[in-house]
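Novice: Construct all of the structure, not just a fragment, from the sequences and the given hints.
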Amino acid sequence: MQASLRRLRKLRCGRNESTERGFETVTTMSSAEPTRRDFIYIATTAAAAVGAAASLVPLLAQMNPDASTIAAGAPIEVDLAPIAEGQAIKVFWRGKPIYIERRTKKEIDDARAVNIATLPDPQSDEARVKAGHDQWLVLIGICTHLGCIPLAHQGDYGGFFCPCHGSQYDTSGRVRRGPAPQNLAVPPYAFLSDTRIRIG
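Read in order, the letters of the sequence shown are residues 9 to 208 in the working numbering.
Under the rule of at most 20 Å between Cα atoms (straight-line distance), these lysine to aspartate or glutamate pairs were calculated in the DMTMM-like manner:
hint, residue 1, residue 2
1, 114, 142
2, 104, 74
3, 113, 202
Here are the computed distance ranges between Cβ atoms for each label pair:
hint, residue 1, residue 2, range
4, 196, 130, 18 to 28 Å
5, 100, 131, 17 to 27 Å
6, 204, 50, 44 to 54 Å
7, 206, 135, 16 to 26 Å
It is worth saying that the hints were derived from the structure and are not from the lab. Note that the structure is a prediction, hence the values are computed from the model and not measured. Built from N, CA and C at the ideal position, the CB exists for glycine as well.
Specialist: Rendered as structure tokens:
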């Protein structure tokens with residue numbers, strides 16, 4: 009009995025000594041010195057931030073209109089800078105071909121020299137272009153007779169020629185000869201700058 013009490017006392021003393029010894033050997037680090045735990049915390053936070061930012065890219069990209077929406081009528085912007093004088097380009101808006109032509113001074117003068125009263129669909133050249141941007145002609149490239157697509161810089165008037173039934177338009181897109189009853193239509197457009205337009 010006494011032997012077991014002695015053993016128990018030794019164990020208790022040993023625990024107390026080891027416990028006290030453990031408290032004596034504990035040291036604290038200065039908060040100014042980074043530890044491995046600090047590094048892991050910062051690296052994990054940075055990785056989470058990069059992942060969150062990367063997940064936003066497709067989320068924002070899916071908000072852009074798709075090709076069918078653009079074709080259905082969303083406005084389009086066209087850079088005019090690459091178009092040389094006397095050149096015409098064709099773009100598409102709402103599924104329709106749009107001619108954008110940078111007219112020469114001669115083409116502008118020819119269009120303005122016409123007696124409007126002699127035209128099948130009387131309209132002045134000034135009414136078909138934007139003020140201050142007389143060199144730019146923007147038209148829907150659909151013949152007003154049966155909906156064919158006329159060719160640019162063709163025909164007797166140097167404007168547009170529809171090979172299907174022979175309608176001819178001048179350098180302002182006004183009908184001059186053939187079965188077409190009206191001028192080529194002008195789409196809604198606005199200049200964003202001297203070299204950029206928005207159609208629609």
